[in-house]
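Undergrad: So you can see what is in the structure, the chains are spelled out below.
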Amino acid sequence: MQARNLNLAVGAFVLLGILALLFMALQVSNLSTGSSGSTYELKASFDNIGGLKPRAAVRSAGVLVGRVRQIQFDDQQYQALVILDMDARYQFPKDTSAKILTSGLLGDNYIGLEPGGDLEMLKAADRIRMTQSAVVLENLISQFLYNKATEPSSPPSGGARK
Amino acid sequence: MRIALEWVATLGQTAFKFVRQLGVFAILLWKILMRTPAIWKRPGLIGAQVHFLGNHSLAIILVAGLFVGLVLGLQGYYTLRRYGSEEALGLLVALALVRELGPVIAALLFAGRAGTSLTAEIGLMKAGEQLSALETMAVDPVARVLGPRFFGGLIVVPLLATLFSAVGVIGGWMVGVVLIGVDPGAFWSQMSGGVDFWDDVVNGVIKSVVFGIAVTQVALMQGYESRPTPEGVARATTLTVVVGSLAVLGLDFVLTALMFGEL
Chain B
16 MQARNLNLAV GAFVLLGILA LLFMALQVSN LSTGSSGSTY ELKASFDNIG
66 GLKPRAAVRS AGVLVGRVRQ IQFDDQQYQA LVILDMDARY QFPKDTSAKI
116 LTSGLLGDNY IGLEPGGDLE MLKAADRIRM TQSAVVLENL ISQFLYNKAT
166 EPSSPPSGGA RK
Chain P
0 MRIALEWVAT LGQTAFKFVR QLGVFAILLW KILMRTPAIW KRPGLIGAQV
50 HFLGNHSLAI ILVAGLFVGL VLGLQGYYTL RRYGSEEALG LLVALALVRE
100 LGPVIAALLF AGRAGTSLTA EIGLMKAGEQ LSALETMAVD PVARVLGPRF
150 FGGLIVVPLL ATLFSAVGVI GGWMVGVVLI GVDPGAFWSQ MSGGVDFWDD
200 VVNGVIKSVV FGIAVTQVAL MQGYESRPTP EGVARATTLT VVVGSLAVLG
250 LDFVLTALMF GEL
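Each protein sequence line maps, in turn, to chains B and P.
Heads up, the first sequence is in the working numbering, so the first residue is 16 and it goes up one at a time.
Heads up, the second sequence is in the working numbering, so the first residue is 0 and it goes up one at a time.
Check the hints yourself; a few may be wrong.
What the hints assert, rightly or not - List of simulated lysine to any residue pairs, SDA-like, C-alpha gap at most 25 Å:
| no. | chain 1 | residue 1 | chain 2 | residue 2 |
| --- | --- | --- | --- | --- |
| 1 | B | K114 | P | S188 |
| 2 | B | K68 | P | G192 |
| 3 | B | K68 | P | G193 |
| 4 | B | K68 | P | E86 |
| 5 | B | K68 | P | S188 |
| 6 | B | K68 | P | S116 |
| 7 | B | K58 | B | D90 |
| 8 | B | K68 | P | E99 |
| 9 | B | K68 | P | S84 |
| 10 | P | K40 | P | A132 |
| 11 | P | K40 | B | G26 |
| 12 | P | K40 | B | N20 |
| 13 | B | K68 | P | A185 |
| 14 | P | K40 | B | A140 |
| 15 | B | K58 | P | G192 |
| 16 | B | K68 | P | V201 |
| 17 | B | K68 | P | W187 |
| 18 | P | K40 | B | L23 |
| 19 | B | K68 | P | T255 |
| 20 | B | K68 | P | A256 |
| 21 | P | K40 | B | L21 |
| 22 | P | K40 | B | V29 |
| 23 | P | K40 | B | R19 |
| 24 | B | K68 | P | A95 |
| 25 | B | K114 | B | R104 |
| 26 | B | K68 | P | K40 |
| 27 | B | K114 | P | G192 |
| 28 | B | K68 | P | L94 |
Calculated from the structure, these hints are not laboratory results.
Make the full structure from the sequences, and use the hints.
TA: If you want it as structure tokens, here you go:
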């Protein structure tokens with residue numbers, strides 16, 4: 016009886032631990048929403064990927080449709096070659112365009128897909144033709160400053176005279 | 000000049016002692032690992048240790064985990080609100096717990112709650128010459144006394160760390176969603192979007208396995224090598240907490256650098 020109680024207590028403890036791990040796996044982490052389903056591969060070349068990282072989201076209309084598997088540098092074209100793992104449930108037309116976007120003001124980079132109107136669909140290992148690079152803040156600022164500097168200097172405004 | 004030389008000599012002696020302790024630690028660990036098959040022939044002994052080390056530590060781990068989660072929820076909300084990203088509270092709480100706080104605090108609490116009792120038990124066995132008595136009866140004290148305790152600790156610490164993290168996440172949820180009113184959908188989806196099972200959860204479990212080995216082994220070694228006097232056992236028990244905690248924190252830095260660092 017004594018030994019049975021002990022076994023029962025130990026069993027309950029171990030079971031509790033396994034349940035906690037299950038909770039971590041299914042509720043806390045992305046195991047349930049991870050790439051468990053079948054996927055197909057797409058490629059896209061970008062002039063500049065900004066802060067895009069492997070495992071970043073691929074979204075269309077805001078919905079997660081895939082993930083970035085790999086990012087390589089193509090030393091023939093001097094572009095970044097991004098390989099995407101797309102959810103096999105979703106198909107996209109051949110003239111789909113890919114953009115690198117940022118979630119929120121300071122969020123992570125992700126790839127946004129905008130489907131076109133082509134009747135033919137992208138197949139596995141196809142390349143997305145139309146791409147738009149990440150917006151690099153430094154380039155934006157330097158462009159802005161350059162425009163400012165080339166502007167004809169305006170006369171001092173009325174408020175400054177007082 | 001004389002004093003300086005004396006000082007250098009003391010330093011050398013300390014370094015010598017430290018290396019010697021490391022050697023004793025490694026040899027004892029090796030002895031236990033070599034007897035693994037013999038130890039697992041009697042799983043009842045390990046089960047009893049899991050009960051003694053695990054079930055009795057459950058209360059402190061659950062309560063501590065809950066409160067750490069509650070505090071993380073409050074403090075995280077305070078900071079995230081400044082950037083208007085309160086929804087990321089779930090992610091912050093879960094990542095902090097799974098990667099660092101769960102394994103580390105669970106191991107520190109385990110060192111204080113269970114490690115000390117291991118050291119005191121074995122130290123008193125040694126002081127009462129029970130270990131020598133076992134040897135006289137041709138029973139190997141390493142296999143009979145140390146082994147089951149080692150594997151018990153090895154099993155218990157990862158379970159406790161996982162429970163700590165899980166309860167902490169629930170604590171963060173209580174403060175964030177129930178008390179403050181963060182949107183529950185965003186709370187959970189940001190969390191599961193940002194926490195990776197293999198990179199975060201499994202690495203956290205690996206960490207806690209390493210901590211379990213370190214803390215349990217430190218406790219066993221301190222008890223086994225203690226001087227067989229009341230004073231010696233008291234000193235060994237103190238050393239268990241000090242050395243065990245420092246080992247956990249030091250190992251945590253190394254493991255974090257290896258797992259999550261960009262080294």
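Undergrad: Could you tell me which of the numbered hints above are not met by this structure, giving the numbers in increasing order?
TA: 6, 14 and 26
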